[in-house]
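Student: If you want the building blocks of each chain, they are given just below.
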Amino acid sequence: MSDTSTITAHTPEDVSVSRLRKRLRALPITLYLGGTLISLFVFVVLVSFIWTPYPANKLNLANRMAPPGTPGFLLGTDRAGRDVITELMLGARNSLYVSVVSTVVAMFVGTLIGLSIAGSNKMLQRPLTRLVDTGLALPGILTAMVIAAKLGAGNTTATIAIIAWQIPVAARVTIGPARQILALDYVEAAYSYGRKKPYVIRHHVLPNISPLLIVLGSVMFAAAILIEAALAFLGVGVQPPTSSWGRFLNETQSLLEAAPYLMFFPGIAIVLTTLGFNLLGDGLRTALDPQQSRSGLA
Amino acid sequence: MLQLRDVRVVIDGHEIIRIDELDLAPGSRLGLVGESGSGKTMTAKAIAGLLPDESKVSGSVIFEGQDLLTLNDREMSKVRGKRIGFVFQDPARSLNPMMRIGKQVSEAIRIHSDLKGDAVTAKVIDLLHQVQLPEPETLLRRYPHQLSGGQQQRVMIAAAIAADPDLLIADEPTTALDVTVQEEILRLLISLSEERKMSLMFVSHDLGVIRFVCDRVAVIYGGNIVESGRIEDVVAHPMHRYTAALLAANPGMPKDDNFSAFIGKRLQTITGSVPAVGKFPSGCRFRNRCLSATDACSTMPSPITTGNDHRYLCWNPGDRGQS
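Going line by line, the protein sequences match chains A and B.
Quick note, the first sequence lines up with residues 6 to 303 if you use this note's numbering.
Quick note, the second sequence lines up with residues 12 to 334 if you use this note's numbering.
Keep in mind that the hints were calculated from the coordinates and are not lab data.
Keep in mind it's a predicted model, so treat the numbers as computed, not measured.
C-beta: ideal position from N, C-alpha, C; glycine also.
Among the clues, some could well be false.
Straight-line Cα separation of at most 27 Å, BS3-like style, residue types lysine-lysine; simulated pairs [what the hints assert, rightly or not]: (1) B:127 x A:127; (2) B:127 x A:202; (3) A:201 x B:290.
Label-pair ranges, simulated between beta-carbon atoms [stated by the list, open to error]: (4) A:55 x B:159: 38 to 46 Å; (5) B:153 x A:203: 26 to 34 Å; (6) B:65 x A:190: 15 to 23 Å.
Some chain B residues judged to face chain A by a derived CB distance under 7 Å, without partners named [unchecked claim]: (7) 88; (8) 94; (9) 107; (10) 113; (11) 119; (12) 122; (13) 154; (14) 195; (15) 197.
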């Protein structure tokens with residue numbers, strides 16, 4: 006028996022490690038690309054709390070509108086002489102803050118509304134769904150303007166506007182799949198054991214639509230970042246001196262002739278982050294769909 | 012213990028079920044037989060209150076002295092699982108694919124009893140033993156897809172009887188299974204009903220299966236109970252033309268493996284198919300497919316009862332079968 010100890014290739018641990026490797030390789034490339042971009046984004050935000058090249062809003066009046074590559078200012082400075090890298094890092098922070106708060110709240114409330122409608126009486130379902138559709142049809146930017154008129158511009162206004170915009174989205178996306186699950190045999194079986202609807206929705210419907218909710222969350226995150234930038238660009242969102250990509254983008258407008266390259270920095274930051282979340286969402290959808298992949302997540 | 016009186020189920024303005032009288036005695040096994048679309052599953056679900064919201068049920072379903080149709084949702088959920096268990100047709104679809112077997116079997120126990128933790132697990136293991144599943148301790152932690160169809164149906168039966176119901180409704184519990192597994196499940200249902208003195212309502216399209224399991228049978232066509240009685244009486248002397256036609260359509264078993272008796276012989280069939288909802292003829296609902304129909308059949312016959320509580324609804328009763 007002691008001789009067999011040399012054969013180590015197929016111990017259970019090895020098998021599980023190779024299995025894991027195989028599963029990881031089967032995951033879609035979009036998941037890795039999106040994951041990398043998002044990790045970078047989150048990493049930059051975390052670093053911004055302990056280190057930025059310059060303090061926030063440090064004006065380097067001697068180096069106003071320095072081109073990229075200027076010593077000490079890798080990506081140059083803006084009109085007021087603020088370091089672009091510092092601005093981008095602080096803008097990322099604001100982006101993440103607003104989109105996390107708004108997406109979490111909108112997902113929670115929207116899913117709750119969607120599940121309630123799916124579980125409601127059949128007579129009520131159609132009118133309630135139309136009500137959600139009405140919410141979807143409201144122009145989000147206009148809603149944000151109205152809220153800003155009441156509350157004044159700022160991050161709170163932007164967050165509330167994004168939440169109001171996204172709740173119908175989350176609700177509408179949840180209704181259909183939740184209704185499908187509620188019509189399944191195992192839900193009827195749960196009723197036959199004596200379960201009631203709220204329990205069935207929490208313990209049967211919610212776990213079974215969770216892949217959908219994960220994908221929805223990542224897509225809503227991308228949308229939230231875009232909307233936050235758009236609102237800041239329009240002046241409804243965050244106000245100076247807080248940095249934001251959207252506000253940065255707005256300021257580069259007046260410099261289109263003097264420093265046209267400047268608009269690309271916030272622009273590329275917004276594009277890469279939303280692209281990251283969209284790729285992540287797409288990758289997750291493929292990985293979590295049992296019909297599309299044989300990989301391990303589903 | 013279970014009495015249906017004047018039960019009507021109406022969906023979208025169509026009367027799907029119309030049962031004047033159907034009884035189930037304590038500890039007995041009643042078969043409900045009919046072809047697809049005859050309303051047998053609807054009847055079973057109406058009793059357990061599992062019909063969709065849009066269906067209107069009237070009449071009375073008296074179970075152990077209590078009219079189930081007067082109960083609201085909350086009161087009814089105390090009856091379901093605890094006093095009436097339900098076994099569904101397709102076990103693969105009646106188990107949540109994302110929930111472990113142990114949790115699904117323990118549902119009714121956790122809802123209807125005060126047992127907690129290890130006591131629940133012990134009861135589940137005992138139940139899995141009772142439905143003759145091997146290694147219950149490891150089975151607890153498995154997911155439905157790791158089990159065979161027969162094992163899944165045993166799990167469903169265990170879940171249905173978990174809170175010791177007095178009545179078990181089995182809706183075509185063996186239709187989705189292999190014939191070889193079918194007999195094991197049927198024997199299991201018989202022995203469980205005998206050991207627990209539990210009444211069984213067995214829904215099937217297969218008279219042979221019902222004959223194997225049940226002591227009484229009710230034949231349903233177009234939502235009407237057209238004939239009911241002791242299984243031997245109904246099989247030996249079918250009074251309703253539909254029952255007779257059903258029996259005639261059974262090729263039976265060849266004697267001494269003599270298959271030549273079947274060669275060249277046409278199988279008896281019932282002409283046409285069950286009409287769509289709302290397309291049934293007036294009077295006897297079977298009359299447009301019945302070879303013995305007469306003018307009298309355009310009005311609904313009143314029930315006739317003969318010895319041994321053999322009851323039928325037919326103007327031209329006979330036991331010769333269709334020819």
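Student: Which hint numbers doesn't this structure obey?
Tutor: Those not satisfied are hints 1, 3, 4, 8, 10, 13, 14 and 15.
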